[in-house]
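Guided by the hints, dock chain B with the ligand onto chain A, whose structure is given.
Just so you know, the protein sequences line up as chains A and B, in that order. Everything in the first sequence is counted per this note's numbering, starting at 1 for the first residue and increasing by one. Everything in the second sequence is counted per this note's numbering, starting at 1 for the first residue and increasing by one.
Incorrect hints may appear among the rest.
Claimed, not checked - Simulated pairs of lysine to aspartate or glutamate, EDC-like, Cα-Cα distance not exceeding 20 Å:
#1 B:K348 <-> A:E170
#2 B:K2 <-> B:D160
#3 A:K246 <-> A:D159
#4 B:K348 <-> A:D159
#5 B:K747 <-> B:E729
#6 B:K107 <-> B:E73
#7 B:K55 <-> B:E34
#8 B:K348 <-> A:E157
To be verified - Non-contacting residues of chain A with respect to chain B, defined by C-beta distances greater than 10 Å in every case (computed):
#9 P40
#10 K56
#11 D72
#12 A82
#13 E83
The hints are simulated quantities; they were obtained by calculation from the structure and are not laboratory data. For each residue, glycine too, the CB sits at the ideal point set by N, CA and C.
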Amino acid sequence: MIPREDLRAHASAILYRIGAAATVAEVDRLQDEALGESSPITAARRSLREATPDQKRALGAIVNEVTTTLADALAARRSVLAEEERIVRLAAERVDMTLPGYRPERGAAHLVMQVWDEIVDIFTGIGYTVAAGPEVETAYYNFDALNTPATHPARLESDTLYVDYGDDPEGVLLRTQTSPVQARWMESHQPPVHIIVPGRVYRRDAVDATHTPVFHQMEALAVGEDITFADLRGTLAYFMDQFFGKHTRQRFLPNFFPFTEPSAEMHVSCHRCDGSGCRTCGNRGWIELLGCGVVDPNVLEAAGYDAGRVSGWAFGVGIDRLAMIRHDIPELRFFFDADLRVLEQFR
Amino acid sequence: MKASLRWIKEFVDLPTNDAEVVAGVLSDLGIEVEGIERREASFSGVVVARVLAIKPHPAADKVRIATLDDGGEPIDVVCGAWNFGEGATVAYARVGAVLPGGITIGKKPVRGVMSPGMICSEIEMDLGEEKGGILVLPDGYAAPGTDFAGTLPYPDAIFDLSITPNRPDAMSIHGLARELGAFYELPVRIPTAVFSEEGATAARVIIEEPERCTRFTAREVRGVQVGPSPLWMRLRLRDAGVRPISNVVDVTNYVMLELGQPLHAFDLDRITDETIVVRLARAGEPLTTLDGVARSLSAEDLVIAGVDEPLGLAGIMGGGDSEVSAATTRVLIEVAHFEPTRVLLSGKRHGLRTEAVSRFERGVDPELPPAASARAASLMVEVAGGGVVGGFVDAHPRPHQSVEIALPVSEAGRLLGADIAGAEQAGYLRRLGFAVEGGNPLQVVVPSFRPDVTRPADLIEEIARLHGYDNFPSRLVSGQGGGLGPLQNMLRMARMAMVGAGFFEILSFDFIAARSLEGLRLAPDDPRSRPIRLRNPLNEEQEFLRTTLLPGLLDGLRRNVQRNRPDVALFEVGSVFLRGEGVLPEQPRHLAFAATGARRGRSGGDYEAGDAAGVAEVLLTALGHQATIVQAAVPGLHPGRAAFLEVDGRRIGSVGEIDPLVAAAWDLENRVVVGEFDLASLEAPAPAPFIMPSAYPPVVFDLAFDLAEEVAAAALLATVGAAAGPFLESLAIFDVFRGEPLGPGRKSVAVRLAFRAPDRTMVDGELGPIRRAISSRVTDDLGGRLRGG
Ligand SMILES: [Zn+2]
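Only chain A is shown next, with the shape it has when bound in the complex (with noise of 0.2 Å):
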């Protein structure tokens, strides 16, 4: 039978321990003393096992009390080490946010194609359908269904590439606009139609400040009963107003083109000084942008459709223009050129 005195002494050595124990671990091994299997607590509770009545009352409430008070001292201390080691071990962790992040490094969409996927965006929330055909077409499509005088400048092969195919040496080109899609189309098409035409086009130009031999075009094109001039103006105003992220006014001046009539050159006010002249504008205040109009009977009748009974408009603009016009690009020969300090320009 271990004494009464022995309990209490061999506990408060512990208690005095635990209050100047500095690790948890440290707290862990005194746990494991002052209440473990080989401690003098364990002991006595074991000895208890044989203790007479008497015995079991008396030792058995010091047992009991010198437990709970180890016990609770234990808690109490390696709680208060716990916080005390986390707080140290998370400073140690520092890191300097300020340093560069890790990141996915992400390439970019070429400018051009980013205003061309804004420009479909635009229209295909509006209901329009994005048509495509062929760059290399044939003169059918892209002269003769268009209303394109055989004597047209346009044909001539210095302002168009021919393709050395077929046997026509006049039959196969690259087109030189988008609206040989308009005709394909409205051939296997009924009216409503409503469809944008954005794609790549040729011209036979050498490389300067404002000409590459292929472009970017997107026409637009809307035939249908009760489709008239003033939706022409109330779509192209929504174009613009959506695409330069502001409120434009538009000018729109007489013009002549062989597929419209009346046919009209859009000019909208400036998107960076707002009409009061800035080197955008070449001080004009507005920037003559695209050409548009009422489509031609002729074109109406070409694709089969009854000219008296439906009407529409179109229009085309060309894409890199836009480009160089809201993001102030000199010359269109960057676009072409693959420079990553301009590619990276316009993440």
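Frame of chain A, contents of chain B with the ligand only:
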């Protein structure tokens, strides 16, 4: 075309002198004003003076002393020019006058005689190029002392106009006045033509080609004196960009500018039998035109000929033989009408784009010749003397038929979207010179100067022009639904996936040089080795259509490397052009990429073969497909680092590192990874099925195999996967090593497998047989051995 505002105002009393306002109106009418040039006399202090007397200089015989009346006391001025005598009217720069270039005139001695001021030449006043002495003005030009600058047709504004090809009527001062008159609702005057006729001309005209020459008028002016035109006419021509030549020729140009009708003046004495024949040229017939070029004519060319020799190319340019010269006294004024298209084609054939061609090709007013002839005759007598001979010849085999159009009043609303009353429509048309009758439809007669108007739609444009394009309503009507098609959608997703993988999109030309294809070291029987040629390429570098996107990408890599950007990753989506069976070539849309140098970002390391496969897998995954990489020898690629890419067993492209020889052809020193795919050939993926995640824990273990070097990783994965049974959840290679304790030519490939049953926790007892099955399959199929097993 250049047009003087002052000249326009001779025909219409505009309510404004402000050139900017007039330019705005012209633009609103569809006549584009590209610029406005202000014209003013660039001198001051010069007055009109009369030469009272001339006396020799006491000390010099190259100069004389002229006594001038400049409105005050007579003044003696030293003058070195000899082209004038006593009584002449001249321009005198007084002391203090300022001449062009800021030269201030003072009082200075000339060989000992004081000369207060000077008598001026055209060149000194920047009024012309006449070098033959001082400017001599006509007698009675203005009272002595009159400010000379004030007598000039200045200040003026010269519009630089761009006239659309459908508007021949706007190619003249009078036509512009007519447009402005219509806009302002003002009357427009007709140029004056006042003369009397005497005698009868012997000139005859024979038209052999009435379809191409529908009208030919001829008028004789006799007794002209060829010399310089008066100053006002020369200034007008100069401001219009036409070089003054002589009074007779200048009159024809002046009337052409004023009325838009090209004219020609012949020396009638040089026309045999005074007979003009309008006929087709004989093939190879020679003609030396006014520009001094000896030409060989085609049987398609129409000529104005004498009884035998051609005198000029009809509607394009006259010939040198019948040209008006200083000796000419009898002039035949030709004013004719030619069929537009043939003039255009002949002009192109001979590379001649004269003022006459630019008007005839648009279609000149067929009723204009008599009026233009009369105006020219009147002016010619005024500036060159002589008199008009009677017997005006007007050969008119094909009289003009007026075009009549019935225009339903509702058309304007149907096409323009605005309600414009019938009376208002008729009013607009009448202002523009159309005759209109009837209520509905409007019966419209088109004036002869508007050959472009033939259909109701053309009238609608006229109504819209005067109504003002900006005065129409604006309405947004949506389409019927739509969006991107499946291929367009896939291409966009593919581009976004490439961007996410760190690649930059480029756009390159669709043209390649033969040299570029050779550089790619393709097999001779590869369809890409047989590109389609352009018939009229811009240059040798752009002679063929591309059959692969790789040259454009490799060019892009090279340019960046040369710019000291050695780490480059580029891609492009575009068409390639291959020979096919149809009328047009095959034009599949490809996606290709190329990269060299270090990968972007912290992952570090250089691009190598593994990136090519990885990018392809990422790309195909983004498109909803699973890529299979099949190791293969691909021409142009590194023999040990190339593969075909297959989807659902179909080859859609290839990936790998390019052959170092190909890299060298592009001056690239580091490894270059590339891939090119025909995305359009992919089928749309089926919607992905749902697989219920198991609620039970997986069992994971690793296996390492000792394999021969040639065994592809893909083959090991396929073999293990096939042997692993239905509960295999994932399988991946996590380690590859070579060296001890493996033998030479061997490698160890370690895979991690996870198994999971949908309905229970798998127990160890189930895994032994699976492990053994895998081991024996790898041994049987691949000659490998399970390590530590
Ligand atoms: Zn601006």
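Taking the hints in turn, this is what the structure says about them:
{"no.": "1", "hint": "B:K348 <-> A:E170", "verdict": "18 Å, holds"}
{"no.": "2", "hint": "B:K2 <-> B:D160", "verdict": "5 Å, holds"}
{"no.": "3", "hint": "A:K246 <-> A:D159", "verdict": "37 Å, violated"}
{"no.": "4", "hint": "B:K348 <-> A:D159", "verdict": "14 Å, holds"}
{"no.": "5", "hint": "B:K747 <-> B:E729", "verdict": "26 Å, violated"}
{"no.": "6", "hint": "B:K107 <-> B:E73", "verdict": "16 Å, holds"}
{"no.": "7", "hint": "B:K55 <-> B:E34", "verdict": "53 Å, violated"}
{"no.": "8", "hint": "B:K348 <-> A:E157", "verdict": "12 Å, holds"}
{"no.": "9", "hint": "P40", "verdict": "45 Å, holds"}
{"no.": "10", "hint": "K56", "verdict": "48 Å, holds"}
{"no.": "11", "hint": "D72", "verdict": "39 Å, holds"}
{"no.": "12", "hint": "A82", "verdict": "31 Å, holds"}
{"no.": "13", "hint": "E83", "verdict": "34 Å, holds"}
This entry does not satisfy hints 3, 5, 7, going by the numbered hints stated previously.
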